[in-house]
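From first to last, the protein sequence lines are chains A and B.
Going by the working numbering, the first sequence opens with residue 27, and the numbers climb by one from there.
Going by the working numbering, the second sequence opens with residue 137, and the numbers climb by one from there.
Per label pair, the in silico range of CB-to-CB distance:
| no. | chain 1 | residue 1 | chain 2 | residue 2 | range |
| --- | --- | --- | --- | --- | --- |
| 1 | B | A359 | A | F59 | 33 to 41 Å |
| 2 | A | R83 | B | D249 | 41 to 49 Å |
| 3 | A | M179 | B | G392 | 12 to 20 Å |
Here are the simulated lysine to any residue pairs, SDA-like style, with alpha carbons at most 25 Å apart:
| no. | chain 1 | residue 1 | chain 2 | residue 2 |
| --- | --- | --- | --- | --- |
| 4 | B | K159 | A | H194 |
| 5 | A | K115 | B | R241 |
| 6 | B | K240 | A | D131 |
| 7 | A | K115 | B | E308 |
| 8 | B | K427 | B | P410 |
| 9 | B | K159 | A | R191 |
| 10 | A | K196 | B | E178 |
| 11 | B | K240 | A | E211 |
| 12 | B | K348 | A | F174 |
| 13 | A | K183 | B | S387 |
| 14 | A | K183 | B | P410 |
FYI, nobody ran anything at the bench for these hints, they're computed from the structure.
Glycine included, each C-beta is placed from N, C-alpha and C at the ideal position.
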Amino acid sequence: MKHSKMRLSTETMNLGFVRKVEALSGSSVRRCFQCGKCSAGCPMRSFMEHPPNRIVRFLQLGQYERVLAGRSIWYCASCETCTTRCPNKVDLAAIMDALRKCSWDAKGPSKESLVQLANRLFIENIRTYGRQYEMRLAAVFNVKSGQFLKDLMLGPKLITKGKLRMFHQKNRNIAEIENIFARIEALRKKGEAP
Amino acid sequence: MTPAKNLLNYSYYPGCSLHASAKEYDESTRGLFRALKIGLHEVPDWLCCGATPAHNVDELLSLSLCAKNLSLAEEVGGDLAVACAACFSRLKVTQHRLADNEEKRRQVEYAIDGKVSFDNKVKHLLEILAKDFGLDRLTAAVRKPLEGLKVACYYGCLLTRPPEVPELDDCEAPTIMERVIGAAGAETVTWSHRMECCGANFTLSRPGVVLKLSGDILASAKAAGANCILVACPLCHGNLDIRQKEIEEASGQWFGMPVFYMTQLLALAVGVAPAKLGFDSMIVNPLPLLKEKGLV
Chain A
27 MKHSKMRLST ETMNLGFVRK VEALSGSSVR RCFQCGKCSA GCPMRSFMEH PPNRIVRFLQ
87 LGQYERVLAG RSIWYCASCE TCTTRCPNKV DLAAIMDALR KCSWDAKGPS KESLVQLANR
147 LFIENIRTYG RQYEMRLAAV FNVKSGQFLK DLMLGPKLIT KGKLRMFHQK NRNIAEIENI
207 FARIEALRKK GEAP
Chain B
137 MTPAKNLLNY SYYPGCSLHA SAKEYDESTR GLFRALKIGL HEVPDWLCCG ATPAHNVDEL
197 LSLSLCAKNL SLAEEVGGDL AVACAACFSR LKVTQHRLAD NEEKRRQVEY AIDGKVSFDN
257 KVKHLLEILA KDFGLDRLTA AVRKPLEGLK VACYYGCLLT RPPEVPELDD CEAPTIMERV
317 IGAAGAETVT WSHRMECCGA NFTLSRPGVV LKLSGDILAS AKAAGANCIL VACPLCHGNL
377 DIRQKEIEEA SGQWFGMPVF YMTQLLALAV GVAPAKLGFD SMIVNPLPLL KEKGLV
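With the rest of the complex left out, here is chain A (with noise of 0.2 Å):
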């Protein structure tokens, strides 16, 4: 197998990256020493190209880039066993979130573009209902996605259980909701939120 040269440097480990994470997630990423228990309990991490512990010697080498254009940091469920066994405190978890959030922003390449259909079809619910209207996400889901025929037999037969409502009443205190969503836009925009 060949061995590459890598030169490491205040310069390439890029720590003005490292900070922001760090910032964004309220968790130390130089912290972490490999032991790999977080990749060991993973639930995801056989889907993943690169699992948990990876992608946080990624940032500490200054090798963002491979993670945010990636899919693994999109197929991390949330689940925080990873943040619940680091034995140095790292808040994988957290860390996980400030990631997809830089790549959400940077709106850079990213492998995995139906999570972050499903994420964006159920946060513009939110601002369009107040509650989720779960029919209307699976429907508009597979017709963005271009799976039209996706769940086909599941949905008559949730029908019949009454488990999918046909029709979704807004939230009656929906202009406070499109406030919230306003004024955090505003916040951003003025660079007083991330």
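Once you've looked at the hints, dock chain B against the given chain A.
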């Protein structure tokens, strides 16, 4: 529904699923709490907590949606009873994070145009039953012990994590579900996958994940000799119950494993009429098992 008649009173946050795909969780919760004389007063105009999608990409939005719900709950008064494990975790995390981070709290208070409420505790239904109401009183209320059921108590991810937040029970070896359902006379099994992730909201974006992870959970429960699974989360229920047939087809294994909300079985035990517990809403029909054990 005058509060004076109740032993305990809570504000109640059902969460979005309990109004549609998990309506049997809502029905059985209300039935159980009414039978135990615990008042649940629904928070008016509550909104989605943001669940996983919001905190995944926008922490400030997630904290603000939860803080708004907490302030709506304050108008009702009392500690906040939460049924869904995910809503419980989000609401609880919000109070925890905002209590010791002044900068985030200021941002959230601007976003919701009001103060963040810390006075009332966020409690999962299990916590209310086991700690506030008490297992002795629960046992005393049982009219039909759940004899013959071998229950695999499934905690999933968010009832006990992250460790410093939910305070429900031990974060790696909890026993609260076993104690609660045991108080109603059921036998519980020891099994390996009680805290493994079911695949959660990948059910929408990447259902293949759910088929694998939930398949492992069903197989583990079956291997341990369980004849049903007990859950306290609508998403876990959806993955284990609604997708069970698909999992069977994909894995070539047959499970036929009814998946109950814990309130369904507890309500049955304290004498609530089975017709009011939404057993007919479940995809894997639980009635053959319940009839065999003489419970319906």
